[in-house]
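4 protein chains.
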Amino acid sequence: MEYPELLEEIFHAVQPYVGKGKVADYIPALAQIPADKFGMSLCLMDGREYVIGDADEPFSIQSVSKVFSLVLALNRLGSQVWERVGKEPSGNAFNSLVQLEYENGIPRNPFINAGALVVTDWLLGCSVDPTIELLAWLREATSNPGIHVDLEVADSEWEHRDRNAALTHFMKSCGNIHSSVDRVLRTYFEHCSIAMSCRDLARAGLLLAGHGKSPRCSDRFLTRSQAKEVNALMLTCGTYDAAGDFAFRVGLPGKSGVGGGILAIIPNLMSIAVWSPALDAKGNSMAGVEALERFTTLTGISVF
Amino acid sequence: MEYPELLEEIFHAVQPYVGKGKVADYIPALAQIPADKFGMSLCLMDGREYVIGDADEPFSIQSVSKVFSLVLALNRLGSQVWERVGKEPSGNAFNSLVQLEYENGIPRNPFINAGALVVTDWLLGCSVDPTIELLAWLREATSNPGIHVDLEVADSEWEHRDRNAALTHFMKSCGNIHSSVDRVLRTYFEHCSIAMSCRDLARAGLLLAGHGKSPRCSDRFLTRSQAKEVNALMLTCGTYDAAGDFAFRVGLPGKSGVGGGILAIIPNLMSIAVWSPALDAKGNSMAGVEALERFTTLTGISVF
Amino acid sequence: MEYPELLEEIFHAVQPYVGKGKVADYIPALAQIPADKFGMSLCLMDGREYVIGDADEPFSIQSVSKVFSLVLALNRLGSQVWERVGKEPSGNAFNSLVQLEYENGIPRNPFINAGALVVTDWLLGCSVDPTIELLAWLREATSNPGIHVDLEVADSEWEHRDRNAALTHFMKSCGNIHSSVDRVLRTYFEHCSIAMSCRDLARAGLLLAGHGKSPRCSDRFLTRSQAKEVNALMLTCGTYDAAGDFAFRVGLPGKSGVGGGILAIIPNLMSIAVWSPALDAKGNSMAGVEALERFTTLTGISVF
Amino acid sequence: MEYPELLEEIFHAVQPYVGKGKVADYIPALAQIPADKFGMSLCLMDGREYVIGDADEPFSIQSVSKVFSLVLALNRLGSQVWERVGKEPSGNAFNSLVQLEYENGIPRNPFINAGALVVTDWLLGCSVDPTIELLAWLREATSNPGIHVDLEVADSEWEHRDRNAALTHFMKSCGNIHSSVDRVLRTYFEHCSIAMSCRDLARAGLLLAGHGKSPRCSDRFLTRSQAKEVNALMLTCGTYDAAGDFAFRVGLPGKSGVGGGILAIIPNLMSIAVWSPALDAKGNSMAGVEALERFTTLTGISVF
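Chains as they are written, first to last, in the numbering used here: chain E, 1 to 304; chain S, 1 to 304; chain W, 1 to 304; chain G, 1 to 304.
It is possible that some hints are incorrect.
One copy or two, either will do: identical chains are not told apart, so a pair holds if it fits within one copy or between any two.
[Stated by the list, open to error] Straight-line alpha carbon distances no greater than 20 Å define the calculated SDA-like cross-link-like pairs of lysine to any residue that follow:
1) 282 / 102
2) 282 / 99
3) 282 / 103
4) 282 / 104
5) 20 / 54
6) 37 / 54
7) 22 / 33
In case anyone wonders, no lab produced these hints; they're calculated from the structure.
Bound conformation, chain E alone:
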């Protein structure tokens, strides 16, 4: 089956799941997104691109930004990053303080909130404005100069910052945050509030499918080994407390966000982005996971 037919088939097959689940409502700016959206985009290493549904509608990438923040930090700091954040699955909720307390303020991995906050703090230590740098890279990688921070979402996150503020203050009390707590939080929320479409996301993900060198960019951004590490982390820790289940069902490195987006990587072949706002109980897009599972089943592609 060719990719266009494949996308058609998936699009129809997932309709019963679109709008099922619960749109993230912890901040008002997200709660008002219509639940019945669905978009998907494939971006291949050879330059081909296939989209379906609402693939050109920008949405809040939320935790998918954790991949890009990490990529930027690896580009700037190399393996230094791993001095202050681990690489292991957490076995706890994405915003839990328990393991953080038992492990003296060292987050388990960069894809739980605490870990992404430390990565943000690293970036603040080596850049005047990490958000501008991140946007610059995303705009180049996607050829979309319109990628921006949705300030309404960022302000809403800031308003409801208590849980993340608790994490950041706690880590600062352990010496694992160096900038001011407010600055770390503001920057972190800016990254979470970046608005991108499925088309944008799949294009940006090509960096990881290409093992650090996107065919869309002139320069290598990560070493081959760093890119593989990010892929490995996405597989073991990319979908909150459902990483094992995602590996079972989809069998690809993936990173989800509560905005309903998921980025998945097929090394050497393509990058896939899918978006549908209604979430399952673990916080992953219900129709999105379903679409990816069908994709790997129908194509027989899986890293396993």
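Fit chains S, W and G to the given chain E structure using the hints.
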């Protein structure tokens, strides 16, 4: 043995312990206190008062203030207080986030930091300025109009607020803090930074020895039952993670602070204050606990 | 009010609570006990004794036995006991493995199951048959040669031993159990399954009211200081995860069991036993706690 | 580079790591294994086989057996297995009771001890003797009729069973173990004590490289989807608390044992077994992980 001789004997007996241990150094303002101070004061229900050593030197009462904040809250709010804070020993460090997370932001008791922060939040909800009210009551109860907040200490606490900020933000994320986090912290640090001498402290404690009615004040401040509850809490939760050991060795309701002060209550008879800045591993004054243990051994007084 | 009238008044006042709550049903042998029983006994240091209701009916003392096992261990081993068990409130369920794992197999105190299992192991190390010794002492202290182990209950406990077996094996893996797991469990269940009446229990408790020397026995069994330590432990850790609440409401050292019995101590004055099988959510006799609260309210007696 | 040269190069490169680390000594039978052993075997889907070093010496496969027990359970029970054990990384030590208590006796995955004990219990429920069945399958898959249980090791495990007994009794108390605790433990220890060489292990692993159908066996043993699930689990949970690090460094599904063996899978291509008894701090063979890392680096093979 009469009380003056008793104090003399204790004073000499504890000398080997004075200065042993470690002065609290988590904030600079406390770290500079000389370790070799020792004062003790007995304040009896019948009006007699006996002091020895540095009993008239003001020190930072720190967590002993948690007793006074609770007393003020019970006076203002009655049993409503217990809607948002428990009465059980915590079995965890005084500033742990673990139990707080497992129990959805309801602190175990008002004598761990999280609990005192909730009590402070209650006070902010029913008073324009709880610190002024607290000072007013302490000044009346001690006949010492000079009792004040040591602003240098309060500022130093504020500078190093991260752990307490983590606790407060976390509880706010659970809906158990209503005022702004900064206002709660500022007020809490003011209470911790109140400077009082042993003489002051013992006088203030008479309220609890008198079951809610201090012979030094015109009005009943707590009901008999409320006062007993505070005494019960001091016994089960008053000395951090060493409440059981304190009950074993001293056998009295007591509340300690990292400034080196301890307030102990002998119901119907007297209130005792002791101060020596060097702390044992659990954060209680080493010479202070020793002095209280000798007092109860020599007099045979114990609630057990 | 004289004690007989007092008991009458309490007896009538608690009737609405008798049978309320839930009879322990984790083993069949306990589940069949009628819920509507209520007995109470006061045993004074001066020899007077007052009883009401089902005060002469034997029941399964369950966790109240933890006090007697500890008393026997202190008599045989002195302060050595504290090498392998702590003295602090646990802040966790009576049969939790969590704290035990974080603290390397050292139980928080001798009144949670893990702690009593270690005390039992100590006894097995210094006695051929601790159950026979315990019964001998209880028979002397109560003048009741009929006190015995209810073998049906003990067998039922053994049948349902998995949770306690988990605790014991875990501690053995940490090196904190020396005898065989099965022998420790068997002996522990024998102690839990001792059947005594309220009259018996109050008589046996006189040892603690008398600070180690019961007026009913010829010899001193504990030092004054050991007896006070047991009383302190009963107050801080005697009623499962409701020790703070019990201290609030009753204000006396007490130890409860899931058989519905509670032993409470008024130092220097008397020992009180109460029994009613229906339990509140924390595992304490609902009518029993109510009766003790009324007793201390009506008499004004409280250690606070 | 051809495979024989590759193995030669790896063999020499890892020599500095051979014997570094610590041979498992929790049971005497394992502690006496010489630390300086090293063997490696490649078994390709096309029938080729390459070995080096001590590749024909049998060793105790220990936790690698958890893969085979799971495979057998999936063959017999299908997806029913997942009713009583999860698929998520644990974030805790392999023998921790903490998460088990918080999650009511449902183990996080089948590769921590608790999970493998539940799998064993499942097998006991659908087979007269799971050990005989497991050996039968292993003998067929490896063409080695000599594969057996090392009874000395099994007895030694039984002798030191306390931690595993605690896990099993705990789960039984939660209703998640149906057979007798002793029977589950005996069977579990038999599986851990199976002795196989690298050559055997790699041959057996071909089932997973072949997605459920080993070229060495006549029948399909798992569905394609089941085999991928096992591979996914090996990647996310296969190397104790170092799964993330293993995914980073090696980038293949792998399962290690404290006997020093590791089985790794390259889907569709080959199965690799490596053995060297000295372990790193996380319990994985130090030279073994090093050898696998070099293998994937030199060949450029990785699932990422």
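Hint-by-hint comparison with the structure:
no.: 1; hint: 282 / 102; result: between (24 Å within a copy, 18 Å between copies)
no.: 2; hint: 282 / 99; result: both (19 Å within a copy, 18 Å between copies)
no.: 3; hint: 282 / 103; result: between (24 Å within a copy, 16 Å between copies)
no.: 4; hint: 282 / 104; result: between (26 Å within a copy, 19 Å between copies)
no.: 5; hint: 20 / 54; result: within (17 Å within a copy, 56 Å between copies)
no.: 6; hint: 37 / 54; result: within (6 Å within a copy, 58 Å between copies)
no.: 7; hint: 22 / 33; result: within (11 Å within a copy, 48 Å between copies)
The earlier numbered hints are all upheld by this structure, with none contradicted.
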